[in-house]
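J.: If you read the sequences in order, they're chains P and H. The first sequence maps to residues 1 to 383 in full-length UniProt numbering. The second sequence maps to residues 1 to 340 in full-length UniProt numbering.
I should point out that these hints are in silico values taken from the structure, not numbers from a laboratory. Take these hints with a grain of salt, some might be off.
Stated by the list, open to error - Below, a list of computed lysine to aspartate or glutamate pairs in the EDC-like style, where the Cα atoms sit at most 16 Å apart:
| hint | chain 1 | residue 1 | chain 2 | residue 2 |
| --- | --- | --- | --- | --- |
| 1 | P | 75 | P | 276 |
| 2 | H | 15 | H | 205 |
| 3 | P | 47 | P | 250 |
| 4 | P | 168 | H | 64 |
| 5 | H | 59 | H | 43 |
| 6 | P | 219 | P | 185 |
| 7 | P | 168 | H | 34 |
| 8 | P | 168 | H | 63 |
Unchecked claim - Ranges between beta-carbon positions, derived for each pair:
| hint | chain 1 | residue 1 | chain 2 | residue 2 | range |
| --- | --- | --- | --- | --- | --- |
| 9 | P | 346 | H | 139 | 42 to 52 Å |
| 10 | H | 101 | P | 351 | 52 to 62 Å |
| 11 | P | 378 | H | 289 | 44 to 54 Å |
All C-beta atoms, glycine included, are put in the ideal place defined by N, C-alpha and C.
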Amino acid sequence: MTVMEQRSTRRTGRTAPPPAWQPRTDPAPLLPDAEPYRVLGTDAAAKADPELLRRLYAEVVRGRRYNAQATALTKQGRLAVYPSTTGQEAAEVAAALALEERDWLFPSYRDTLAAVARGLDPVQALTLLRGDWHTGYDPHEHRVAPLSTPLATQLPHAVGLAHAARLKGDDVVALAMVGDGGTSEGDFHEALNFAAVWQAPVVFLVQNNGYAISVPLAKQTAAPSLAHKAVGYGMPGRLVDGNDAVAMHEVLTEAVTHAREGGGPTLIEAVTYRMDAHTNADDATRYRTDDEVEAWRDHDPVLLLERVLTERGLIDEAGMQAVRDDAETMAAALRERMNADPVLDPMDLFTHVYAEQTSQLREQAEQLRAELEAEAEASEGGR
Amino acid sequence: MATVAPEQAAKPATKPATMAQALGRALRDAMAEDPSVHVLGEDVGTLGGVFRITDGLAKEFGDDRCTDTPLAEAGILGAAVGMAMYGLRPVVEMQFDAFGYPAFEQLVSHVAKMRNRTRGTMPLPITIRIPYGGGIGGVEHHSDSSEAYYMATPGLTVVTPATVADAYGLLRQSIASDDPVVFLEPKRLYWSKDTWNPESPATVEPIGTAVVRRPGTSATLITYGPSLTVCLEAAEAARAEGWDLEVVDLRSLVPFDDATVAASVRRTGRAVVVHESHGFGGPGGEIAARITERCFHHLEAPVLRVAGLDIPYPPPMLERHHLPGVDRVLDAVARLQWDQ
Ligand SMILES: Cc1ncc(C[n+]2csc(CCOP(=O)(O)OP(=O)(O)O)c2C)c(N)n1
Chain P
1 MTVMEQRSTR RTGRTAPPPA WQPRTDPAPL LPDAEPYRVL GTDAAAKADP
51 ELLRRLYAEV VRGRRYNAQA TALTKQGRLA VYPSTTGQEA AEVAAALALE
101 ERDWLFPSYR DTLAAVARGL DPVQALTLLR GDWHTGYDPH EHRVAPLSTP
151 LATQLPHAVG LAHAARLKGD DVVALAMVGD GGTSEGDFHE ALNFAAVWQA
201 PVVFLVQNNG YAISVPLAKQ TAAPSLAHKA VGYGMPGRLV DGNDAVAMHE
251 VLTEAVTHAR EGGGPTLIEA VTYRMDAHTN ADDATRYRTD DEVEAWRDHD
301 PVLLLERVLT ERGLIDEAGM QAVRDDAETM AAALRERMNA DPVLDPMDLF
351 THVYAEQTSQ LREQAEQLRA ELEAEAEASE GGR
Chain H
1 MATVAPEQAA KPATKPATMA QALGRALRDA MAEDPSVHVL GEDVGTLGGV
51 FRITDGLAKE FGDDRCTDTP LAEAGILGAA VGMAMYGLRP VVEMQFDAFG
101 YPAFEQLVSH VAKMRNRTRG TMPLPITIRI PYGGGIGGVE HHSDSSEAYY
151 MATPGLTVVT PATVADAYGL LRQSIASDDP VVFLEPKRLY WSKDTWNPES
201 PATVEPIGTA VVRRPGTSAT LITYGPSLTV CLEAAEAARA EGWDLEVVDL
251 RSLVPFDDAT VAASVRRTGR AVVVHESHGF GGPGGEIAAR ITERCFHHLE
301 APVLRVAGLD IPYPPPMLER HHLPGVDRVL DAVARLQWDQ
């Protein structure tokens with residue numbers, strides 16, 4: 001007997017008064033499938049649009065190169081830290097490509113690649129990670145919210161923005177990204193609940209990459225899957241192979257369209273794997289085996305696309321080389337631009353705390369100015 | 001408390017009004033003037049808020065402008081962040097001081113910092129209304145004075161009215177501000193009455209301006225919000241001792257009006273900071289330090305603090321022992337080593 005059936009069992013002569021609320025949702029259509037949705041490597045791959053395949057391939061290869069370049073920049077001391085998305089490029093890129101220009105992306109600290117794939121200047125997208133100003137871009141320009149370091153806290157922002165857009169009559173969708181660990185945070189819960197109650201046009205994309213720093217998913221949640229969490233809020237949950245760029249693109253585009261058309265939020269769990277360590281500061285050998293990492297190599301997002309493209313004769317070696325060359329050009333440009341030392345004006349420390357500087361800040365600004373002048377004088381004197 | 005329909009409060013003549021009415025009127029006027037002003041929180045719609053401050057707003061402006069949210073403070077404030085990103089001016093109600101704590105992460109990590117981290121491109125015009133403080137017999141978690149936490153967070157403006165007119169004026173200014181404002185409502189003053197003209201109601205001074213509520217020559221009492229009435233009473237009582245006390249109402253804790261405070265203390269040479277929040281690590285320490293830094297050579301005595309006890313807020317049956325009353329203020333004044 002299920003719980004639902006139990007409720008209607010009459011044990012005494014009296015029945016409970018009817019609840020003031022009505023059950024709003026039939027849970028069955030909200031439940032995710034037991035297996036992640038896949039296109040690549042299945043029969044459906046034969047029907048995937050060639051143009052889309054080529055586009056995704058180019059983006060994923062660029063993403064891979066971008067990750068490698070950014071990681072190299074940490075070794076050169078040009079970036080303070082870089083949380084790599086190597087292995088997760090399909091999910092990152094699909095997130096960017098599923099959105100229309102007017103939509104908003106709410107990335108977590110790991111999702112620089114999604115922001116760059118959306119069109120953000122890579123150098124501006126990296127200012128946070130290089131120790132430069134926290135957000136190097138105007139979020140309104142590409143409709144990319146600042147990369148959020150506190151986990152899951154950007155999710156309610158996405159809900160609020162999407163809600164506001166709808167109130168204003170704009171058919172704008174917000175896509176909010178979070179990691180598997182982030183789903184344990186209270187803000188995750190509050191955001192999903194708000195979104196469902198408000199029927200806000202939001203898509204939540206969880207990248208389940210296996211670990212939150214060192215903690216595996218099994219220690220993070222007891223849920224059957226992260227996508228299952230959606231049902232409790234009254235929104236559909238979708239489980240998708242995060243390494244399958246075509247499946248990702250399809251599921252995300254569907255969820256975005258659903259939201260845009262007034263259907264409300266969706267929670268998507270992309271099952272993927274973080275091939276690199278958490279960041280360059282992490283030692284992944286302490287919590288996972290090489291065998292485990294190796295097992296994922298055969299399911300690499302670049303490889304999956306290469307297989308289908310070559311099998312279907314949609315690309316040859318020269319074509320693939322052209323894509324790699326293009327990625328190399330992007331990386332070289334990034335390397336060169338990141339090699340320039342950023343020039344920061346310390347007086348800017350006071351510029352954007354309040355719309356109008358407080359008297360307290362004016363006093364402190366004067367003090368810093370004096371210190372800077374003294375410093376400059378001393379270094380001139382020493383020359 | 002009695003609820004007052006907006007049209008009733010709107011009568012032009014100068015007449016007695018409560019602080020609660022003035023706050024409600026400020027919200028209503030701001031919403032009427034600017035369609036981007038949205039009120040959201042727990043029970044703010046149909047009920048009009050547990051203190052009825054938002055009474056009538058949902059009826060007049062609709063559920064989309066005055067919204068009952070799910071019960072989730074981080075969610076409320078987090079959603080307000082997103083709304084502000086999209087050009088709205090959310091006014092958020094935290095039901096009680098201690099229930100604002102779940103929203104602390106949003107407040108500290110995002111609300112306070114968004115302008116700064118986006119180099120000015122993404123200011124957040126959010127007003128966070130928080131009924132605070134004790135003296136109303138509230139049970140546990142309903143009487144905290146949380147101002148020190150907010151003051152300790154750069155990027156937030158923190159204001160607290162003590163009069164009916166200031167309640168209206170400061171709230172209008174807070175909503176109009178392009179920065180996030182923590183608007184602390186001294187709940188024991190909600191029902192305090194004053195004659196007040198709702199037709200010309202605004203405080204003229206900008207946020208960040210303290211005011212001398214009572215001029216005096218012997219010593220300065222520096223206070224704000226719920227303790228203003230205590231200080232004014234103490235100043236009256238002090239006349240019997242031959243002390244002529246000046247009372248400064250800060251109105252705004254951040255930004256802090258060093259000029260008005262220092263000018264007063266330089267005139268009187270003695271200062272007592274009075275608030276009901278705890279003393280250790282409380283607002284008074286910061287205020288006393290600022291006074292000492294600026295007025296040391298004018299001081300005839302150390303700057304004293306009269307504050308709540310350094311205890312978790314006590315049960316209501318004992319709260320009178322915690323809250324600084326007139327006698328404690330006068331005792332402190334007496335300890336200023338009087339020389340005449
Ligand atoms: C609120 C909060 N707590 C802790 C941290 C420190 N921290 C940074 S990343 C991380 C793990 C996140 O794991 P997950 O959500 O799975 O995302 P992933 O790194 O795998 O992309 C932790 C604990 C943080 N950034 N924010």
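J.: Decide, hint by hint, whether the structure agrees.
T.: Against the structure, the hints come out as follows:
The suggested pairing of residue 75 of chain P with residue 276 of chain P holds, with an alpha-carbon distance near 14 Å, which does not exceed 16 Å. Taking the CA atoms of residue 15 of chain H and residue 205 of chain H, the gap is about 22 Å. The hint is violated against a cut of 16 Å. A C-alpha spacing of about 13 Å is found between residue 47 of chain P and residue 250 of chain P, which places the hinted pair at or below 16 Å, so the restraint holds. For the hint linking residue 168 of chain P to residue 64 of chain H, the alpha-carbon distance of about 10 Å falls within 16 Å, and the restraint holds.
A hinted pair counts as satisfied when its Cα atoms are at most 16 Å apart, and residue 59 of chain H with residue 43 of chain H qualifies at roughly 13 Å. For the hint linking residue 219 of chain P to residue 185 of chain P, the alpha-carbon distance of about 14 Å falls within 16 Å, and the restraint holds. Between residue 168 of chain P and residue 34 of chain H the CA atoms are separated by roughly 14 Å; this keeps the pair inside 16 Å, and the hint holds. Only pairs whose Cα atoms come within 16 Å are accepted, and residue 168 of chain P paired with residue 63 of chain H is accepted, the gap being roughly 14 Å.
Judged by the Cβ atoms, the range 42 to 52 Å given for residue 346 of chain P and residue 139 of chain H holds: they are separated by roughly 49 Å. Against the hinted window of 52 to 62 Å, the Cβ-Cβ separation of residue 101 of chain H and residue 351 of chain P comes to about 31 Å, which falls outside the hint. The given range of 44 to 54 Å is broken by residue 378 of chain P and residue 289 of chain H, whose C-beta atoms sit roughly 31 Å from each other.
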